[in-house]
Structure formats: structure tokens, C-alpha cells
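Undergrad: Sequence:
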Amino acid sequence: MLWTERSVGDEAAVQALSDELNSLPKPLTRFLVLRGIDSLDAARHYFRATRASLHDPHLLADIDGAGRRIARAIKTKEKVLVYGDFDADGVTSTALVLQFLRSNGLTTSSYIPHRQKENHGFHVSGVELARSRECSLIIVVDCGTNDEETAVLAQEAGIDLIICDHHQNEGKDPFCCAHINPKRAGCDYPLKDISACALAYKLIQVTLDELDQPVSLADEYLDLVAISTVCDIMPLVDENRILVREGLEKLRDAPSAGLRALAFASGCDQEHLTANDIAMQLGPRLNAAGKLAHADEALALLMTESESEATAYAERLNELNTDRKKQAARLRPTAKKLAQTQLAGAHTNALVLHHPDWHPGILGSAASQMVGEFGRPAVMLTDVPNSDGEEVFGSVRTHGDIHILDAIRGCAEMLIRFGGHAKAAGLTLKKDDLPLFKEKLNAEVFSQVGRQVVEPQLEYDAQLKLVMIPGKFERVLKSCQPFGKENEAPLFFVEGLQPVSVRLLRGGQHLKMLLKEPQSNMIMDAIGFWQGRHHAIAEKARQQQTELDILCYVEENRWNGRVTTQLRIEALREHSSKNKGS
Numbered sequence: 002m003l004w005t006e007r008s009v010g011d012e013a014a015v016q017a018l019s020d021e022l023n024s025l026p027k028p029l030t031r032f033l034v035l036r037g038i039d040s041l042d043a044a045r046h047y048f049r050a051t052r053a054s055l056h057d058p059h060l061l062a063d064i065d066g067a068g069r070r071i072a073r074a075i076k077t078k079e080k081v082l083v084y085g086d087f088d089a090d091g092v093t094s095t096a097l098v099l100q101f102l103r104s105n106g107l108t109t110s111s112y113i114p115h116r117q118k119e120n121h122g123f124h125v126s127g128v129e130l131a132r133s134r135e136c137s138l139i140i141v142v143d144c145g146t147n148d149e150e151t152a153v154l155a156q157e158a159g160i161d162l163i164i165c166d167h168h169q170n171e172g173k174d175p176f177c178c179a180h181i182n183p184k185r186a187g188c189d190y191p192l193k194d195i196s197a198c199a200l201a202y203k204l205i206q207v208t209l210d211e212l213d214q215p216v217s218l219a220d221e222y223l224d225l226v227a228i229s230t231v232c233d234i235m236p237l238v239d240e241n242r243i244l245v246r247e248g249l250e251k252l253r254d255a256p257s258a259g260l261r262a263l264a265f266a267s268g269c270d271q272e273h274l275t276a277n278d279i280a281m282q283l284g285p286r287l288n289a290a291g292k293l294a295h296a297d298e299a300l301a302l303l304m305t306e307s308e309s310e311a312t313a314y315a316e317r318l319n320e321l322n323t324d325r326k327k328q329a330a331r332l333r334p335t336a337k338k339l340a341q342t343q344l345a346g347a348h349t350n351a352l353v354l355h356h357p358d359w360h361p362g363i364l365g366s367a368a369s370q371m372v373g374e375f376g377r378p379a380v381m382l383t384d385v386p387n388s389d390g391e392e393v394f395g396s397v398r399t400h401g402d403i404h405i406l407d408a409i410r411g412c413a414e415m416l417i418r419f420g421g422h423a424k425a426a427g428l429t430l431k432k433d434d435l436p437l438f439k440e441k442l443n444a445e446v447f448s449q450v451g452r453q454v455v456e457p458q459l460e461y462d463a464q465l466k467l468v469m470i471p472g473k474f475e476r477v478l479k480s481c482q483p484f485g486k487e488n489e490a491p492l493f494f495v496e497g498l499q500p501v502s503v504r505l506l507r508g509g510q511h512l513k514m515l516l517k518e519p520q521s522n523m524i525m526d527a528i529g530f531w532q533g534r535h536h537a538i539a540e541k542a543r544q545q546q547t548e549l550d551i552l553c554y555v556e557e558n559r560w561n562g563r564v565t566t567q568l569r570i571e572a573l574r575e576h577s578s579k580n581k582g583s
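So the sequence shown is numbered by the numbering used here: it starts at 2 and just counts up by one.
Since the hints were derived computationally from the structure, they do not count as laboratory data. A virtual CB, placed ideally from N, CA and C, is assigned to each residue, including glycine. Treat the hints with care, since some could be wrong.
Said to hold, decoys possible - Label-pair ranges, simulated between beta-carbon atoms: (1) L212 <-> A313: 30 to 40 Å; (2) S309 <-> G562: 38 to 48 Å; (3) R253 <-> R49: 34 to 44 Å; (4) E489 <-> L212: 38 to 48 Å.
Whole structure, please, built from the sequences with the hints as guidance.
TA: Structure representation (C-alpha cells):
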């Protein structure tokens, strides 16, 4: 696989920004320019933006009417049903709105559809529950934009409807009191890619204003907003970056009983939680409930105020997540063989893999693994329950800059239903249409990127020397957090390192080394998760006193009360002057 340095276009811009930032080390300056931070003003906003920099929620179309309607419900003590979705964004959105309404004395109900039995969307069963509970208002979060028929049923039942969603509108216009969605026509909100939970936070701000209560009371829910933003892979730019940073502070300093228990069950350091901890530890556990059981179990964890209940719920989510990982491990060999078979044929731009025995709850993460291994979009499908094998459904993940939802739209005529974002989607189709779908999707992907998708490569941000790391580099790198989509942690190329020690961890899965930079004699710890397969190369270099090149992240490592800086290895190879930059 090729290693290539990302192009900044104009290297002079890197030097100019470095000078303006008091001689900031060039590898970090290059990272900033690559992330669009190419001026002193942009850097000031990047490092110093506060809650005061958040966009005015009143810029969201229909939000004022929604705030008035909820305020009226609170003043007149109406019964309200909150309808959500089964992923982390949907569950946190549901919890946020429920917590706010209950704190204002309302009797509430909630409904989250069953992933396998009902799938995504605002379903009739939610309206029926609202009617049976005598609710006069339904607040739908993280879905509803494309559910016109259910919206009509709510109207016929005499129930007011507020939709708070962020999904792309597919030509629908649901009837409701208010439809809050930054992607809808006529909405001037400056940030289009924002989580449903963040929109719910904005809605609560407006409602508080209507109630003549301090708008700052909504900040109580920033921990939920941070989780949703990271887990739904929203870009960590603009106000999303501020919301996640502030939400992480809440998670560290004043977590709810449920989130404190979940962090403990996940093995996270509560006081030093990062966006990566949300993405890799908290998020998968919240999502595991909807994938393998019912998302109500995750919602219960977020809603409880009891420490003992929180511990029990967290342990349950931990068990579900462990089961999810075991099922994913069993799926991987079969998926890999199917992928290799497809790539030996004509359709090589996007993988379309199907097996009737795969569990639908793990297809999203499995698709991500196939993307990582084969360097192209992947569709993972299994049979729809109770369809007698006639329909298949599943998850899609993309590669690079390929807009997967646009590609899927090009196949719409053969799909029963679909939805999603640029990076991820879900779909259902007739099993008989699979061959045609595979052909059409490959053509759609090819129309976007040509043949570049078949040339997997690792791109790094800048070349780095170990001697640059201590001091200012470390301090500024820490200030660049939180890392995530569109503000990815910088990946560095470090060449010519000598292994001082090499050992395997976790039964040979992980690679642990001490690496020395000959020119400076500086030695640093390095860890390569799931890099145990490279042990022979590293040990050979140690014994023969030759050198390695690595691609790595520079990170804090906290262990037994000690804080050190380590290199997290993404890739390694034997050093050769021929390899430089490739």
C-alpha cells in the first residue's frame, strides 16, 4: 500500500502560518492548513471559540413555532410522547427531550422502533401509542423528515406533531406544527451537518426562552450532544467542535449516573474522557442495545438517576457489546471470501456482500471493516425477517470522499427503501435485484471517482522528527482536540527509527516497542494495536540494528497515574531511501 503525503497546494502558506503562530512547528502548522485553518483569524477561532460562538438557534426554520408549542404544553400540563431512533444519536436525542420535559413536570411517554422488526423511521405504532396514552403532542427526533403518511395519521388522530431531524429530504413534505431540519428547503441555518441531538438542544434553548427561563439551563444536556455528534460522525468543525468540547467537559466533571457507570464499565478514565473514548467505547455500547436487543435499554441507562440501576444497565450494555464483537469476528472470514470473489470479477468499485445468516445489528461495523481492508465502499446485506428470503436489507459505509447516498440514489428505482448520509446509509431491496443493484452501484461509484477507488493508499499529514515533540508541539496538539471527522488527528510519517525493544501484547495481537531516533538519540514508547503481524519485521530490525519507517499518531498515555507521550502506530515498514514519501 502506498504512503503519500497530503498536498496543501501551497507550501508557502504553511511557513506563513507558522510565522504568525510564533514559529509553531511545521508538522503541526501543515496539519492546521490541511484542516482549513490557514490564517491567524481562523486559528484564533479554532483554538479559542466558546459557547458564545454558537449559531443563533432562531436561524433554524420553524424552531420558534416549535418552542412556543412545547412551552404551551408545559404550561397546560399536556401529555407528550417523544419518538426517537435506535442509534446513539436517536437515543441521546430522545433522552434529552424526555429529561427536559420531565424536569418541567410533564407526564411523558417514549417510543423507539425495534431495529429488526420495524427499521428506521416514524411508524404508525408510535401514533397508536400516543393515542392510547392520551398524548396531545408528539415530538419526533432523528427521523420523520420522509414519513408523510405517518404524519397524516397523527393529524387525523388530532395529535400535534413536531419533527426535529437532520436527514436529507427525499422530496417529502410531512404535515406538522414544525419541521426543524437544517437541510430542508428554506432553512438558512449556516451548519447543515449537525446531529439530531444538537438540534434538540437548540430546540430546548428556544423553549426556555419562551418560558422566560435562562437559556443556559440547556447546557445541562451538552454531554448527550457530544455523544451524538461523535457517534453520528458529524464533522467536528464550526459549532460541532465547540459542542463536543463543552460536552466532554460535562462528561468529565459532572456526568449523569448512567454515563458515569458506562464509562466505568467501558474501562475509560472518566476524568480524562476524549472524543475517541466516545467513538470507540461509549458509543458502541449505546448502539449495541439497538443492534442486538432494543434501544430502550440504552435509553433506560441515560434516564436513570439511581447508581445501582445505572451499574446494572451499563453491565448489560457491556455484555451486548461483547456479543456484538464476537458475532462480528465470526462474520469476518465469510465476508472476506465473498469480497475476494467479487473483486476477481467485473464489479470492483464497490463491494455488495450478502449472507442470509448474518445478524442485521452488526452489518454497519462489518461494512466499515470491509472498507478499511479493501479500500472501497461496502454494502453488507442479510435477509429481511419474515420475508421468506425474498427481501434483503443492511448497511452501507463509504470510502474516502465518495458520497454514498448520492450513489445509492442512482439505484433508487430498484430499492424498496433507503436513507442515510454521505458516509453511511441503509437500504432494502428484492433479493432477485441483487445482481442488477451490484452492477448499477458500481457504475455510480465509478462515475464519482473513476479508478482511484481501486488504488488503496495511506495518506499522512506531515513528516515528523521525534525531537520536535516535547514542549510546544505537545501542548498545541492537545489544544487541537477534540478530533473526529474533518478534524481528524494528524497522522505523521517518521522515518529511520531503530527498535530498542520489541514485544507482543494480548496474545500476539498488539505490538509494543521502544523506538530510537539516531540523529537525536531520542527514545519514545510506541504501541501498534492489531499490528502484531509486523512483529517479525520489527524484531529483525532490532537484531540487525536496521531502521523502520512508521505512520503514527502522537498521543497521551495514562497508566497507573503516570502521563507520558507515546506513538500509536498505524503502519510500519522496513526503512529504505527508495520508500521516502511513497
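Undergrad: With reference to the structure, classify each hint as holding or not holding.
TA: Status of the hints after comparison with the structure:
no.	hint	verdict
1	L212 <-> A313: 30 to 40 Å	holds (35 Å)
2	S309 <-> G562: 38 to 48 Å	violated (29 Å)
3	R253 <-> R49: 34 to 44 Å	violated (20 Å)
4	E489 <-> L212: 38 to 48 Å	holds (40 Å)
Checked against the numbered hints listed earlier, the structure breaks hints 2, 3; every other hint is satisfied.
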